[in-house]
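Using the sequences and the hints, build the whole thing.
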Amino acid sequence: MSHLLWKTLVLSPVVLGVTVLVSAKAMATKVPASSEDINAKVAQAEAPIASSASIFIQTQPKNQQLVAQKTDDKKVLEQVNRYSSEGKNQNSLSQVTSVSQFSDVQPTDWAFQALQSLVERYGCIAGYPNSTYRGNRALTRYEFAAGLNACLDRVNELIATATADLVTKQDLTTLQRLQEEFSAELATLRGRVDAVEARTAELEANQFSTTTKLVGEAIFAVTDIFGGNTGDANNTVFQDRVRLDLQTSFTGRDVLHTRLAAGNAGAFSLRDNANGVINSAEGTQTFQLAGGSTNNSVVIDWLAYYVPIGPAQVYLAATGGIHSDYVATNNPYFEDYDGGNGALSTFASESPIYRIGGGAGAALTLPFGSGGSFFKPSSLTVGYLASNANNPGVNQGLLEGNYAALGQLNFSVGDRLAIAATYVHGYHGAGSIGLFDAGGGLTTGASPVVGTGQANSLANNLTALNASSSNSYGVSAAFRPNDKLSISGFVSYHDVTGFGADDDYEAWSYGVGIALPDFGKQGNVLGIFAGAEPYSFNRTGVAAGNDIPYHFEGFYKYRVSDNISITPGVIWLTSPGQNSGNDDAIIGTLRTTFTF
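Numbering (this note's numbering), first residue to last: 438 to 1033.
Check the hints yourself; a few may be wrong.
Claimed, not checked - Straight-line Cα separation of at most 16 Å, EDC-like style, residue types lysine to aspartate or glutamate; simulated pairs:
#1 Lys921 / Asp955
#2 Lys921 / Asp852
#3 Lys650 / Glu618
#4 Lys958 / Asp1020
#5 Lys958 / Asp920
#6 Lys650 / Asp682
As the list claims (entries may be wrong) - Beta-carbon label-pair distances, calculated as ranges:
#7 Leu953 / Asn828: 39 to 49 Å
#8 Pro544 / Ala858: 43 to 53 Å
#9 Ala635 / Asp999: 26 to 36 Å
Just so you know, these hints were derived from the structure itself, not from any lab.
Treat the numbers as computed from the prediction; the structure is a model and nothing was measured.
By construction, the Cβ of each residue, glycine as well, lies at the ideal position given by its N, Cα and C atoms.
Structure (structure tokens):
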């Protein structure tokens, strides 16, 4: 049987065409589907590229065909998505006259002789413009039709010109025998295709949207804080946050995020030894971000659009934008974009420099350093976010109100090291809530999201709350020596120029983290992070304290299933409020995250 099949491959594409004709629909369901780009925080779909070069996929041995037919029912939705994308964005193909023109076809390949015969004997096989054949990828119905049509036209031409030495009665006899041999398999495959088409029709008739998918996350967290007056002033709490992200794509390469959020989480109140409230955002956890507590009322907390323009990636935010939405933070396994599968705290998840400003605006990322460059791939990112862009009032709006403009150079050295140099210039109007406000701006009731009060207070005269500008500089790096270890860290310096007397000050922050992915089980992560939350010394008119507020954090994300993870963790804060006279605070959290 194998001798018969191999002889058929060499003799005529007609034999091959009939063999795969019925299975074309099934093969179409195996075209690569869209994939999400985590670096840019946006789904980037790659449409299938047509090529008649893949027409020979079904000439593999018969036992391989039977194995391929055993498709898992769990993949039906993925197959439907691939099936519906057939025929889009087809690339032009070029005719080849010799199999040697294909750079990825070797004489040792199992189908080399068949391909050589069909290219050089019949001249009906086309390749990609980059001189590749890509014979190991699945083909779509469009690709199959194009290749089969080309080969049949050539065969008909040969028959019409009586070229008997190429198309013979022996070929047709072999074709008939092959049809009879595989009649059972073809009938089975025909039934499977009919079943998939019926399920596809049902899904399409009842689907939510042809362009939108829903990505959700729910966090349940039991947490408490211990240590002196701070521990006495707070109780154990059970908090939640839910995010529903509607991701809409119009071209297959862009994505519009419309995120709904609700929660009841709030940060703990730190106390000094006199039981006074410490003006600080130290120890804030990602699900407790300022504005995150909505009393479980649903709000639109993020509305943003990602779209590629040529080689550049464009980011547009209408509300809720932050810098880490569009720029690399170089903190893998700790950064989860304030979600429930990374570090516990806002400090350990990303450098505080990305917490300066936010809201509405735009950003652009331009790649460079391709080819033989030492830094590859690398990019330049620029962005602008305004905190109160929707307010038409005096000293408000997109250009006159609070804003933060970012510029960052991103470098990759090989496959293991990433480095970024960041600059952020910010303007903070009178009455702003703090330097690290994540876009809170002048919002009533909002508070900073990271750092001490001394690093956040933009005016020494707390009654005047003067306006100020800031220039911040940061460096971040991530190094992954192997698949089981990741080391990352950052340093940031902030120079604030106040518009009132003695309002100028400087602030620093730094941290380093070690992550062990797949620790104990695939999908688990053990993370340890240490550093100093943003702090500032020798400020008059602001609460005294010239001690460095160190932050130590450890967590272990245990993956229960693909959609559920449990993360126990501890945060240890020394010298809260920059005062070593205050008792250390220890936060314990048990976080459960559901994703769907």
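Structure-based check of each hint:
1. Lys921 / Asp955: It holds: about 7 Å lies between the C-alpha atoms, which stays within 16 Å.
2. Lys921 / Asp852: Roughly 15 Å separates the two Cα atoms, so the pair holds.
3. Lys650 / Glu618: violated (44 Å)
4. Lys958 / Asp1020: Distance of about 37 Å is beyond 16 Å: violated.
5. Lys958 / Asp920: holds (13 Å)
6. Lys650 / Asp682: Cα-Cα ~8 Å, so holds.
7. Leu953 / Asn828: 39 to 49 Å: holds (46 Å)
8. Pro544 / Ala858: 43 to 53 Å: Check passed, 49 Å falls within 43 to 53 Å.
9. Ala635 / Asp999: 26 to 36 Å: With Cβ atoms ~28 Å apart, the hint holds.
Violated hints for the displayed structure, listed by number in ascending order: 3 and 4.
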